Amino acid sequence: MSSRTAQELGQLTVWASSDWREEDRLVALERYGILGSAREQVFDDIAALAADLFDAPIGVVNFIASDRQWFKAEVGIGADTLPLDVSICRHAILQPEIMVVPDLKDDPRFANNPLVDAEDGLRFYAGAQLKTADGLPLGTVCVLDRAPRPAGITERQKRSMAMLAQQVMGQLELRRTQALAEAQQARAEKHSRRLTLLARASAGLLAASDARSMMRQLLETLADGFALNACFYFAQDRKGGRLAAAAGLSPAEEETAARPDTVQGMCGEVVRTNKAVHRTGIQASTDPRDIFLRQAGFDTYKAVPLMAQDRLIGILGFARRGKPFSPGEREMLHILGGHVATALERNRADADLARAAEWLQLQLDLSEQLRDLTDPKAIKAAATRALALHMGVDRVGYAELEADGLHSFIEEDWTAPDMMPLAGRHLISDYGDFFLPECQAGRAVVIEDVDTDPRCAELAAQGVYAAIGLRSQLVVPLVKGGRLVVLMFLHCSRPRRWSEDDIAQVREVAERSWAAVERARVQLSLTHSEARFRALFEQSPAMIQVFDTLGNTLQVNPAVEKAFGLPSDVLMQYNVLRDPQVREKGYRTALEEVFSGKVRRAPPSRHSGARLAGHGAAPVLETVGFPIKDEAGQVREVVLLSHDVTDRIEAENRLRASEARLRAVLRAVPVGLVFADEFGRITGGNSRVEEILQHPVLPSSRPEEYGEWIAYHPDGRRVEGHEYPLAKIIMEDAERSEMEALYQRGDGQKVWLRFVASAIRDDDGTLLGGVVATLDLDKERRALERLGDTSRRLDAILANTRMAVFMMDEQQHCVYANTAAEELTGYPFGDLVGRRLHDVIHCKKPDGSHYPAAECPIDRAFPERAQVSGEELFVAPDGSFYPVYFTASAVLNDNGEPVGTVIEARNIAEEKAAERHQQLLIDELNHRAKNLLAIVQGIAGQTLKGAEPTLRRALEGRLSALAGTHDLLTRTRWENAPMRRVIDDALAPHASREGVFRIAGPDLPLDPKTAVSLSLAMHELATNAVKYGALSLPDGHVEVVWTTGDGRLRLRWQEHGGPRVDPPAARGFGSRMLERGLAAELGGSVRIDYHATGVVCTVDAPLPEVAR
Amino acid sequence: MSALRGKRVLVVEDEPIVAMHLEDMLEDLGCEVAGSYARLEEATAAAAVGEFDLAILDVNLGGAESFPVAEVLSTRGVPFVFATGYGGRETPFPQAHTVAKPYRQEDLERALISSVAR
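Taken in sequence, the protein lines are chains A and B. Residue numbers for the first sequence follow our numbering, so the first one is 1 and each next one is one higher. Residue numbers for the second sequence follow our numbering, so the first one is 1 and each next one is one higher.
Chain A on its own, in the form it takes in the complex:
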């Protein structure tokens, strides 16, 4: 066999049959699992039976494998395998049913078979196929004899042979069915063992009282079945995951496992994907997530998500030191996860339901209790007690904030039997600085354990909390209208966890009960205030009438009865809305407004009260009315409060009449009058006195405006203070005193005045003050009148001009401002007069800094005796700025000394805005034009693509020159462009180094069209020079020189140092542009001469109009 090549074997094993394929046959054979199996009695018996039946020495049950013929049973051979090349049966399975060879030696297929050819070799063969139900032959039952049997076999033998073969197949089928059943059984048992384990594990989990024992239980149950070394349970809630319990770890390992980074490593992926994670080969892994597992010696880790309604509620982790979890194990662990999740969720739902029911009961109880209570204290007691019992805490109370916002007051708190009550006043920060800020923000303060909460560490160390038996607390603040009103606190003497539900429930109880407390308090205070109001009503000297909305009297106080001398039952008949005597229109309107509820309080309104008095003089009443509205804003009642003001009105009227008379007199007299009190202080007077003195005299809010009185006696001596007539009245007790003096007026002019003073005394002769009359003695009335004319005209101009005009005195204080000035500044003249204008409207710079008057250009006019103008920013009353154009001119007296300044100003905000707008438009227009040029360039570039690159360059250059000129014109606002700039700009791009262009000529303004033509012309000349002319050589240069004279512009372009010039054969765009375009534009002549030494271009044209 070993000497045969694979190829030979291959040929041998290629079987041919029209009914089946060899592959299918081999697969079928494999399925029965018969090859290589141990000997079995039943097959041995068949082989023996076959030999017996034919009385043959050899009987065989065999199968044809891919590489050999194998004997399941045999008699007379003593081997269990034959090589295929000597197999006779392999031929038999190609025959239908039964093959009989009477003499093998006569059959060419077998004549050379060594088994046949040998001495005492095989001569006779009869074999029946072992055929599967679908017709695949697996082998044969056959008999062999060493003697030929020319008679072959009988029909009976044939049938027996076939039956034996069927018997073998029956045995095979039986075997196979049994094997299948056993395998299934084994799998089912394994599965069921695991399921039992899982069921036990799940049951154990749910029975466990806490997560830790749950994990221990899990590990215990699964340790053997799953070869587990550790279990983890990570609880997952809104705040994230944490290790709730673990089993199989040392305390140190457990501590590490609980660290957030470890939890992240073990759970992160599950949290992210909600899918189980299976990590293997951890000892060899370098994954940072596996650090903990690696260090703890695990090699395999499986994490299973616990899902409840698509929500991750936790993660179970399993770790072992051994091989990866098999698919079966993984599936089991998933199922376990499902059980645990369902159970956890159900337990939680049950607990929630129970709590909700309990809560509802509390709410119902509390509502019932609160409804019947009217005493705030009793309400608090009921709520605190109910809450304490529901929450299972040791102390509950309300701490009300005091007005200082720092202290709280506890009226009474509910306490468990051994807890200390905290009733009394407390400084809130005594219990921790963090309380107030949190509470003021409306946030509950939750402290699970004062011994571990870092916020409490300091005070806990001082024993503050221990002193009041406090370990855990929940404080819920109530904030009303942005103000912290009350804190509801729940204290526990042992650590406690506070859930979101706890907080929400406490908040609800706090809000509801506190609302009840407040309602009860309002009720109490209403009761008190009603008593107070009753007393006021009875005792008030004012008349109080209360009406319903129809005007019927509901109540009157004794003052009304007293005022009208009528009993209250008569007064109660009165209807104010139907009173025909209420005829004063103002009063009527006021009443209507009050009754309709339109006003909250009608202003005092005076009216005749005769309607009730019925006799005697009609009293005048002053009445205030106000509606009393219900909560919905509907008017329920109207109250009228009235005083008898008859006497007061008479006194007022008398005083007013006398004042009016005095004012008329003061206005009418042609003399200036002032009044002074007994100390000589001026208390009043007429305006004439200031006209005469030309400085302020009368009392004003600005005492500094009192001018100094400067007067001279006829002999030139200065009048001293005590010499004035008023001084003689006040200080020397004179009845009358007079004086003539040369008075220096406020405007600096000196005029002759007469002062006459007279004492004012009361009936007892006590001095009350004095009156001083001032007369202008100046006789030059005519001059005055003339002046009056001038000033009237001036007034008319100043009043009507749109230009703001200010006048300043030598102190730069404003002495005049016209209407336009008031409009410009937004200040009335009264606010400007006497003040430095700079301080009022010019004191700030736009950046908010102070603008010192010393830097102000307006104020320079005065010291420099000059006229100054310019633009400045003034400050409006509202602090905004506005631009003005101003002119400040110094006013000089006859001696040429500056005595003041006239300032004209005009608001130029609109002009500025228009200017900006125009600039913007120009910019935009230019931008668009340039964009258009860019597009033209683009189109040309695309069109010329593939053409000579110089063409494109030339076009780019021309467009660029055009755009440059365009820019220049934009900067000069399309008015005139300076010729020098136009030429400089056009040539600059062509200057490869300094001194290439030598440009000289007077600067002329050029109109836009000329500028564009000249610019393009210069560009063409320069381009040509760079390409062919002077600038194509390193030493070449160009002179551009122009002159003006005789009203003509002469420009010369001369190239030097270039190569020899030959006139061009044809005229290009450049020369046409120059000779036609520029010439036409300038209205002159342009000549280009191609001198051998260099191109010369001359322009001779009339001077452009704008330059003349």
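Simulated from the structure, these hints should not be mistaken for lab results. One or more of the hints may lead you astray.
Stated by the list, open to error - Calculated Cβ distances over 12 Å to all of chain B for the following chain A residues:
id, residue
1, G121
2, L370
3, A403
4, D569
5, T801
6, D809
7, C856
8, I908
9, D923
10, E924
11, L933
12, S960
13, A963
14, D967
15, G1068
As the list claims (entries may be wrong) - Here's a subset of chain A near chain B, in silico, CB distances under 8 Å, partners left out:
id, residue
16, K930
17, I939
18, A954
19, E956
Quick caveat, the model's predicted, so the values are computed rather than measured. We put the CB at the ideal spot given by N, CA and C, even for glycine.
Please build the complex by placing chain B on the supplied structure of chain A, with the hints as guidance.
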């Protein structure tokens, strides 16, 4: 030329014809046009992620200014050049060159080289 050879250039220009012309110029200069955008949003997005050695930004993109693109490029350290039809208008990026439209290849080359050299 050598300074620009093989440079990957971001083109931001809202006028298609001008953009085409600009791309041709860039290719003549040996650059590779690595992206060409007409709209601000697209250009900003591309500037944030694309690999560019430099960029040319039209200041005015259909009414919007291209400064956000420049902002992104600045942060990424990609040099850029502005192109504008507004003569001499200032941009908030004093370090960037501005070429005035219409520009010649030489103007463009000069601006690009000095922005790359920076």
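TODO: Would you pick out the hints that fail for this structure and give their numbers low to high?
DONE: 9, 10, 11, 12, 13, 14 and 18
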